[in-house]
Amino acid sequence: MSDIEASAAQQEDIILELRGITKIFPGVKALNNVHFQLRRGEVHALMGENGAGKSTFIKVITGVHEPEEGQIFLNGQEVHFRNPKDASAMGIAAVYQHPTSYAQLSVTENIFMGHEIMKGRMIDWAAMNKEAQALLERLNANFRVTEEMGALSVAQQQMVEIAKALSTGAKIVILDEPTAALTANESKELYRIVDQLRDEGVSVIFISHRMEDMYRLATRVTVFRDSQYIGTYDVDKITTADLIKAMVGREISDMYPKPEVAIGGELLRIENFSRQGFFKDVSLNVHAGEIVGLTGLVGAGRTETMEAVCGITKPDSGKVYLEGRELSIRKPKDAMKAGIILLPEDRQRQGLILKWGLGRNVTLPIQEEMANSVFNNEKKERQVAREYLESVDTKAVTIFDAASSLSGGNQQKVVVAKALAQKNMKVVIMDEPTKGVDVGAKAEIYAIMGDLAKQGYGIILISSEMPEILGMSDRIYAMCKGRITGCLDRSEATQEKILELSME
Amino acid sequence: MAGKSGRTISAEPRGTVKKLLFSWESAMVLVFLGVILLGNVISPYYTLKNVFREMPKYLSEIFIMLAMGYILVLGDIDISVGSIVCLSATLACIADNAGLPFVLVVLICILTGLACGCLNGFIASHFTELPTMIITLGTQIIFRGIAEVSLGPGGSISLQNKDAIKLLSRKIGIIPVSFFVVLVFALIFIVVLGRTTFGRKLYAIGSNSTAAKYAGIDVQKIRWIVFTVAGTMAGVCALFFLASTYGASTTTGQGFEMEVIAMCVFGGIATTGGKGKLIGGFFAAFIIVCLRIALGQINMNTQLILVIIGAMLIVSVLIPAIGNALRLARKKAEKA
Amino acid sequence: MNKKENGIFRKITGSREASLLIVLIILLALIELLQPSFLAPQNIAQIFRNNALTMLMALGMLCVMLTAGIDISITSVLAFSGMTIGLLQKYDVIHNTLLLFLIGAAIGAVCGMLNGLIISKGKVAPIICTMGFMYIWRGMAYVISNNAWASAEDVSGFSDFGKSGAPGPYIILAIAYVIFFIVMKWTRFGRRIYAVGSNAEAARISGINVDKTITLVYTIMGLLAGITGVLSVSIYGSAQPNMQYGKEMDVIAACVIGGVAMSGGRGTVVGTFMGALIIAVIAKALPLVGLDSLWQNLVKGIIILVVVILNVVTQRVMDRRALARREM
Numbered sequence: 001m002s003d004i005e006a007s008a009a010q011q012e013d014i015i016l017e018l019r020g021i022t023k024i025f026p027g028v029k030a031l032n033n034v035h036f037q038l039r040r041g042e043v044h045a046l047m048g049e050n051g052a053g054k055s056t057f058i059k060v061i062t063g064v065h066e067p068e069e070g071q072i073f074l075n076g077q078e079v080h081f082r083n084p085k086d087a088s089a090m091g092i093a094a095v096y097q098h099p100t101s102y103a104q105l106s107v108t109e110n111i112f113m114g115h116e117i118m119k120g121r122m123i124d125w126a127a128m129n130k131e132a133q134a135l136l137e138r139l140n141a142n143f144r145v146t147e148e149m150g151a152l153s154v155a156q157q158q159m160v161e162i163a164k165a166l167s168t169g170a171k172i173v174i175l176d177e178p179t180a181a182l183t184a185n186e187s188k189e190l191y192r193i194v195d196q197l198r199d200e201g202v203s204v205i206f207i208s209h210r211m212e213d214m215y216r217l218a219t220r221v222t223v224f225r226d227s228q229y230i231g232t233y234d235v236d237k238i239t240t241a242d243l244i245k246a247m248v249g250r251e252i253s254d255m256y257p258k259p260e261v262a263i264g265g266e267l268l269r270i271e272n273f274s275r276q277g278f279f280k281d282v283s284l285n286v287h288a289g290e291i292v293g294l295t296g297l298v299g300a301g302r303t304e305t306m307e308a309v310c311g312i313t314k315p316d317s318g319k320v321y322l323e324g325r326e327l328s329i330r331k332p333k334d335a336m337k338a339g340i341i342l343l344p345e346d347r348q349r350q351g352l353i354l355k356w357g358l359g360r361n362v363t364l365p366i367q368e369e370m371a372n373s374v375f376n377n378e379k380k381e382r383q384v385a386r387e388y389l390e391s392v393d394t395k396a397v398t399i400f401d402a403a404s405s406l407s408g409g410n411q412q413k414v415v416v417a418k419a420l421a422q423k424n425m426k427v428v429i430m431d432e433p434t435k436g437v438d439v440g441a442k443a444e445i446y447a448i449m450g451d452l453a454k455q456g457y458g459i460i461l462i463s464s465e466m467p468e469i470l471g472m473s474d475r476i477y478a479m480c481k482g483r484i485t486g487c488l489d490r491s492e493a494t495q496e497k498i499l500e501l502s503m504e
Numbered sequence: 001m002a003g004k005s006g007r008t009i010s011a012e013p014r015g016t017v018k019k020l021l022f023s024w025e026s027a028m029v030l031v032f033l034g035v036i037l038l039g040n041v042i043s044p045y046y047t048l049k050n051v052f053r054e055m056p057k058y059l060s061e062i063f064i065m066l067a068m069g070y071i072l073v074l075g076d077i078d079i080s081v082g083s084i085v086c087l088s089a090t091l092a093c094i095a096d097n098a099g100l101p102f103v104l105v106v107l108i109c110i111l112t113g114l115a116c117g118c119l120n121g122f123i124a125s126h127f128t129e130l131p132t133m134i135i136t137l138g139t140q141i142i143f144r145g146i147a148e149v150s151l152g153p154g155g156s157i158s159l160q161n162k163d164a165i166k167l168l169s170r171k172i173g174i175i176p177v178s179f180f181v182v183l184v185f186a187l188i189f190i191v192v193l194g195r196t197t198f199g200r201k202l203y204a205i206g207s208n209s210t211a212a213k214y215a216g217i218d219v220q221k222i223r224w225i226v227f228t229v230a231g232t233m234a235g236v237c238a239l240f241f242l243a244s245t246y247g248a249s250t251t252t253g254q255g256f257e258m259e260v261i262a263m264c265v266f267g268g269i270a271t272t273g274g275k276g277k278l279i280g281g282f283f284a285a286f287i288i289v290c291l292r293i294a295l296g297q298i299n300m301n302t303q304l305i306l307v308i309i310g311a312m313l314i315v316s317v318l319i320p321a322i323g324n325a326l327r328l329a330r331k332k333a334e335k336a
Numbered sequence: 001m002n003k004k005e006n007g008i009f010r011k012i013t014g015s016r017e018a019s020l021l022i023v024l025i026i027l028l029a030l031i032e033l034l035q036p037s038f039l040a041p042q043n044i045a046q047i048f049r050n051n052a053l054t055m056l057m058a059l060g061m062l063c064v065m066l067t068a069g070i071d072i073s074i075t076s077v078l079a080f081s082g083m084t085i086g087l088l089q090k091y092d093v094i095h096n097t098l099l100l101f102l103i104g105a106a107i108g109a110v111c112g113m114l115n116g117l118i119i120s121k122g123k124v125a126p127i128i129c130t131m132g133f134m135y136i137w138r139g140m141a142y143v144i145s146n147n148a149w150a151s152a153e154d155v156s157g158f159s160d161f162g163k164s165g166a167p168g169p170y171i172i173l174a175i176a177y178v179i180f181f182i183v184m185k186w187t188r189f190g191r192r193i194y195a196v197g198s199n200a201e202a203a204r205i206s207g208i209n210v211d212k213t214i215t216l217v218y219t220i221m222g223l224l225a226g227i228t229g230v231l232s233v234s235i236y237g238s239a240q241p242n243m244q245y246g247k248e249m250d251v252i253a254a255c256v257i258g259g260v261a262m263s264g265g266r267g268t269v270v271g272t273f274m275g276a277l278i279i280a281v282i283a284k285a286l287p288l289v290g291l292d293s294l295w296q297n298l299v300k301g302i303i304i305l306v307v308v309i310l311n312v313v314t315q316r317v318m319d320r321r322a323l324a325r326r327e328m
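The listed protein sequences correspond, in order, to chains A, B and C. Residue 1 is where the first sequence starts when you use our numbering, and the numbers rise one by one after that. Residue 1 is where the second sequence starts when you use our numbering, and the numbers rise one by one after that. Residue 1 is where the third sequence starts when you use our numbering, and the numbers rise one by one after that.
Rather than coming from a laboratory, the hints here were simulated on the basis of the structure. Think of the CB as a built atom: it goes at the ideal place given N, C-alpha and C, for glycine as much as any other residue. Treat the hints with care, as some may be off.
[Unchecked claim] Some chain B residues near chain C, calculated using beta-carbon distances under 8 Å:
| no. | residue |
| --- | --- |
| 1 | S125 |
| 2 | Q140 |
| 3 | E148 |
| 4 | G296 |
| 5 | I298 |
| 6 | M300 |
| 7 | Q303 |
| 8 | A311 |
[Stated by the list, open to error] Here are the simulated DSS-like cross-link-like pairs (lysine-lysine), alpha carbons at most 25 Å apart as the crow flies:
| no. | chain 1 | residue 1 | chain 2 | residue 2 |
| --- | --- | --- | --- | --- |
| 9 | A | K331 | B | K19 |
| 10 | B | K275 | A | K355 |
| 11 | A | K85 | C | K247 |
[Claimed, not checked] Sample of chain A residues facing chain B (criterion: CB under 7 Å; computed from the structure):
| no. | residue |
| --- | --- |
| 12 | V248 |
| 13 | L364 |
| 14 | A396 |
| 15 | C487 |
| 16 | D489 |
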C-alpha cells in the first residue's frame, strides 16, 4: 500500500480492507478478485445470492481460509492470517448462523473456551463466571451463566456468541444471517445489540437475505454475485429493485407469479389438532387449486402441527379429513399413501440424503412401486427420476450428481420433484420452501407452486416471510403460541394485520 | 415433460465397468488370490482338500458376519452376538442332555438366538436415545451371564447325542456341508442388501435416518427386524459351532463380535453406516480364513496370526488416509 | 423455551453425580442392614483392591469417551505391559519396582500414542483402530511369553508391593484420581478435552489443536493401561498372556453408569469413580442376598441396562413435564 493510499485510507478511517482476494477450492473459484472496505464504526451489509461467495469471504476475513491471491489490510497495515486464532487475536470475531458452540458445556465456558481466565496455572472459575455475567448483562440477557448451552434457545445462544466476540475484545464483529432463526421480538433485540456495538466503536459486517435488516441497520451495502465484487452502495441511496438487479444480474419483474385459479372443492380438513406443549385446537382446511398460507412467528407451532398431520409425530387428539373421508394417520407412510405430501423445513437433514445422487433421492419414497416384486428396478427409477427432475428445472448435469453438490434452491427443487413423483399426491405442504434460497431460484419455486395450484393440487405454504405469504396465498392462517389466531382472505390481508395476529 | 427452461439431465450411468474394476471389492478379490498364492508358496499342504478340511471351524462365524454387515450399514453395532452364540449353544446342550429330540435341540438353539436378537431390537427401537453400543454392551453381559448361571459351577457342558449333529459336519466330496450352507445364506443376504427395496432402505437409514423417516420408511421396525436377524444368525452359528466342538462353555463365542466386525470393515463396510457392500465382507471373511489356514499349516503361533490380522485391519482402514496424504504430497511437489 | 425449575430438588436430580451418590448411600445402607459387620475397613479396602484395575483404567476411558471415542485395546495393552515386566523379572533382568512401573507406563504410552495418531491423523474410527490393536498387543503378549507365564515365585519380590494389606495400590489409585480431578476441572488441557468431544469443528476453529488433544488422550489411556498391567502383576502375583481378557467392557460399563456419554462432552471424574464403585459394591453385596458369584455377571448386566434405560425414561418424563408447563 503506497503512502498516498495509506493516508487516504486513514482519512476515510478504513479499519479493514481486502483487495484482489481470490480463493480457489478444487474445481471452483469461490472468490474472484474481490474487494471490500469497512469503515471504522460502521455497520456494513454484505448481500448476494446463495453461492455468491459471501460465506467464503467471511471465512477469509476470520482466517479460516487463506486466499490464493490478494491482500488484507487492518488499520492500514497488511496482515496475514494463518489460522482463525490469528484473526481473533487481531480483534476480528464472527457469529455464525449455526451456533458453533459446545452444547454440553456452560455459557461461561462457551464464552471463554480457548482464552480462559487463569489464576497461575489453574482456571479461575469465579472470575470467569463474574466476567461472563457482566457481558451478559451488557447484552440484556435473561439467563444465567451456569446454564448449559444446549438448554438455551437459538436467540439466546446467539447472544452468547456475541458475548464471546466481545470477550476477545473484538473491534470487528461479523454476523452471518443473524435474524434467520429469530422471532420478530428477538430480531428487535438483536438490532438493539448491533446499535449498541456500533455505539461502542465496534465495526460490524453482516450477511443477510432480508431487506428489512439492511434498511434498519446498515449504512452501506456491498453486493457479490457469482464470486465477484459488484459494487458498494449507500443504503439510503439505492432502491430495492436496483439492489436485486445487482444481486441477480437481471430484473425480476414478477416476483410472485400467482396465477388466477378457480378454487375447487375442499380437499383437506383438519379439526381440533392438539399436542400438549406444541399446539392446541388447530383447525384449518384447503381446497383444490388453493394456496393456503400458514404464518406466524418462529415457534408458533406451524411445523409441529403439519408434522403431526403427516404422521411424523403423534398428536394427542385431532381428526383429518381428505375429500370428506376421515383418515387414520399413524405413521408417515399413511399420510403419503393418502396423498398428503410434506416438503420438510430442514431440506438437508429431513428432505434429502445428501450423500446420495439426485435420482436415488427422488425415487426413495416410490421404490416399491417401481420395483419388480422385491427387486429394485433401477432403470425405471432412473427414467422416472429424470422426468421429474427435468420438470422442475433442476440445475444439474446427471441424476448421479450428489445432492450435496447442489445449491439451496436446486436442492429444494429436488425435494419438490420427490413429492411430484409420488403420483397420488393431492395436498402438498411446503414448509419454508424458500429459506436459504437465492432470489433467482425463489422465483422459480413460486412458479412451480403456481403450476401446482393450476393443476388442482391443494397447497399449504408455511412461511415466516411476509412478502411471500402475501404474494402467494389465497387465504392466510396465522398461528401464535400453538393456536390459530385468525384467517384472512387474500383481498383483506396486510402485513400489519398478519403481524398483529402473529404476536401475543 | 421438460421444464420451462428446457434443460435436460442425463440419466445414463457412466463408467460402471471402470468403477467395478477399481472398487474396494475388486481389491478384495485380488488380495484373496494373493493369499491363495501365498499359501501355495509357503506350505506344501495347501491343497483344496486340506483347506476344506480345516475350514469348518472358521465357517460358523461367517453366518454372523452376514447379519453384522446389515447392522453396520444401518449405522448401528451389535457387540452381543458372541454371547448370543454362547447362550444358544449352552441352552441347546442343556436341551440335548435332557433327552430332547435333535430337531427340538436345533430349534432351541436358533430360537434362543432369535429371542436374544429380538430383545436387542426391542430396546434399540423403543429407546432410540440409547447408542446401540451401550445396549448391546449390557445385553452382552446379560446373555453370557444367563449362560454362566445355567452352566453352574462346572462352567461347561457337552453334547450327549453327538451322532445327530455330525450331520452338519459331513462332506460332499471334499467340500463340507457347512460351506454350502454358508454360500446359500451369503447369496441370500448379499442379494437382499444389494438389490431389494429392503436393502436400499437399510442404506437410507444408515446415511440419514431422519430423511428416511420423512420419506415414509419405518425406521424402527426395520432396526428391530435386523437385530432379530442378527441374533438368529448367531443361533445358526452356535449350531455349526456345536457341530465342530460338541460342547459349550462360559467362554464360548468370546471375541466373535470383534472378529466379525473386523471382517466387515476389512471388506469395506463402514461403521458409520450407509456404505459398503456385503460381498466385500464375504471376500474379507474368506481372505482371513484362508490366511489363517495357510499360516496354521506352517505352524505359526496362533497369536501371531492374530497380530497379523489386526495389522491388516488397521492398514486397510488407513488406505484412504494414506491415499489422501500421497495426493497432497504430490500437489505440494507440483506447486514447488 | 424450557424454564428449568430452580431449587434444591432440581439441582439434585439434575446432577448425575448426586443421583449416583444417593444410589450408593442406599446400597451401603441396605448392606449395613443385611450384615452389619460388612462395612468394616478391611472389607472396604478389599473392594478397592479387587477393583483397582477397573477404577484406574476408568480414568483413561473417561477422557477417551469425552472425546466421543472408545478404546477396546486397553486390556491387551495391559497384558502386553504386564507380560513384559513379568518376563523382565522372570529372567532376572530388572527387579526394581519403580523401574518396572516406569517401563510398563512407557510401553502403554507408546501403544496409546499409536492409537491416538491413527485415529486423529488417519481419520480411522476409534472402535476399528483400537480393535486392530486389541489383536496386535494381545498377540504380542503371547508371542513374547512364548506361551509361558511368569509365576508367583518369579515375581515374588515385586508382588509385595501389591499384596493384600500393602498400601501401594491404594496410593496409586488415590494419586491418579486426585490428579485427574484437578486436571479435568482446573486446567486448560482438561477443558480442551471436553471441547473436542462436544464440538470438534468449533474447537478447531477456535484454535485448539484437535489432533494433538486426541492423540494425547489416547496416549494417557495407554499409559494408564500400562501402569495397570504392572499393578495387575503385583496384585495377583503372576503374569499371563491372557490377563484380564474381556474385562475392557467392565471399564466402559463403569464409565457409562458414571454418566459419561458415548457422544462426548459429558462426564466427570467423580461420576466415573462412583460408577465403578457402585458396580464393585453390588458385586460384593450379591452373596449377602444369597446369590453366589455365578450370578454376578448377569446382575451386573441387568443393572447396566436398567440404569441406562432409566436415564432415558426419566429424561422423557422431565421433557414431558416441561411441555406440560407450557401455556397454550
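Practice item. Could you grab the alpha-carbon distance between K331(A) and K19(B) and see if it respects the 25 Å cut-off? Key: Distance of about 38 Å is beyond 25 Å: violated.
Review point. Should the interface hint for Q140(B) be scored as holding, given a Cβ-Cβ cut-off of 8 Å against chain C?
Key: holds (7 Å)
Review point. Is the straight-line distance between the alpha-carbon of K85(A) and that of K247(C) 25 Å or less?
Key: Violated, at roughly 42 Å.
Practice item. Tell me if A396(A) is really an interface residue toward chain B, meaning its C-beta lies closer than 7 Å to one of theirs. Key: Check passed: Cβ of A396(A) comes within 6 Å of chain B, closer than 7 Å.
Review point. Regarding the hint that E148(B) lies at the interface with chain C, is the smallest CB-CB distance below 8 Å?
Key: Constraint on E148(B) satisfied, holds at 6 Å.
Point to revise | 25 Å limit on alpha-carbon distance, applied to hinted pair K275(B) and K355(A) | key: holds (10 Å)
Check your understanding: Minimum Cβ distance from Q303(B) to chain C below 8 Å?
Key -> holds (3 Å)
Check your understanding: Minimum Cβ distance from D489(A) to chain B below 7 Å?
Key -> For D489(A), the interface hint is violated, since the closest Cβ of chain B sits about 30 Å away, which is over 7 Å.
Exercise for review: For the hint on S125(B), just tell me whether its beta-carbon gets within less than 8 Å of chain C.
Suggested key: Violated, because the Cβ-Cβ distance from S125(B) to chain C comes to roughly 13 Å (cut-off 8 Å).
Practice item. Closer than 8 Å between Cβ atoms is the bar; does A311(B) clear it against chain C? Give me holds or violated. Key: It holds, given that the least Cβ distance between A311(B) and chain C is near 6 Å, below 8 Å.
Point to revise | Minimum beta-carbon distance criterion (8 Å), G296(B) to chain C | key: violated (14 Å)
**Study point:** Status of the hint placing L364(A) at chain B (closest C-beta pair under 7 Å)
**Key:** L364(A) check passes; min Cβ-Cβ to chain B is 5 Å, inside 7 Å.
Figure legend: structure checked against the earlier numbered hints; hints not met, in rising order: 1, 4, 5, 6, 9, 11, 12, 15 and 16.
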